[in-house]
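Peer 1: Assemble the whole structure, with the sequences as input and the hints as a guide.
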Amino acid sequence: MNWITVEDGRISGYYEGDSCPENGIQVDGFRGLVGEPVVFYDKDWKRKDSRTLMREGLVDVPKGFRLTDDGLEMMNDEELVEAGLRPRTGEAVDGNVFKTAKDRLDDGEVSKKEYIENIKGQLASVDAHSIRSIRSILCGHGTKEDYSLLARDEKMAEHFRSILKENPDF
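The working numbering puts the first residue of the sequence shown at 0, with every later residue one more than the last.
Quick list of in silico lysine-lysine cross-link-like pairs, DSSO-like style, CA-CA up to 27 Å:
1. K154 - K111
2. K143 - K62
3. K47 - K143
4. K119 - K98
5. K143 - K154
6. K47 - K154
7. K154 - K101
8. K98 - K164
9. K62 - K47
10. K112 - K164
11. K154 - K98
12. K119 - K62
13. K164 - K154
14. K101 - K119
15. K62 - K98
16. K101 - K164
17. K164 - K111
18. K119 - K164
19. K101 - K62
20. K101 - K111
21. K98 - K111
22. K112 - K101
23. K154 - K62
24. K119 - K154
Restraint-style ranges between C-beta atoms, simulated for each label pair:
25. Y14 - D41: 18 to 26 Å
26. D68 - S161: 28 to 36 Å
27. N166 - G56: 36 to 44 Å
28. C19 - I133: 27 to 35 Å
29. S11 - D102: 47 to 55 Å
30. E108 - E165: 17 to 25 Å
31. Y14 - M73: 35 to 43 Å
32. M0 - L57: 22 to 30 Å
33. R87 - D27: 52 to 60 Å
34. E108 - H140: 42 to 50 Å
35. Y13 - D69: 30 to 38 Å
36. M74 - N1: 37 to 45 Å
Since the hints were made in silico from the structure, they are not lab data. Everything numeric in this text was worked out from a predicted model, so none of it was measured. Note that the Cβ used here is the ideal one computed from N, Cα and C, for glycine as well.
Peer 2: Spelled out as structure tokens, the structure:
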């Protein structure tokens, strides 16, 4: 049998065995994480998927994304501008004109080395973001959303790796 304990609205422990721990709740087949809020789970102690958690306001929609019926989608350039997450290309902000890293490289404002360091930083960020989805999938409670996010992250990482592969000297 599987048991959990709850303290202060969070799952405080997970136990396996025939005897119930003090204040234990029997949850056969539990696939959750100690430390998570109980509101992340339905009445049968099944973890809600990421989309449901976002819709219920329990988890924020990541910046730069929008929540759709199919899951998370990256905002397009215009939506990023409208959301105030990015100025328009060529637009002056505090006296500085916004340009992408590639624009800045093409205009000679950054060296190739600085550009490649920027790409490496973005790749590291994408790799770090993938960890939550991978953990959920490996723990056996990965959702369609987790698989979608992982696929999206892999596409972004593939793009960054292709840039790095084209520039092996850096």
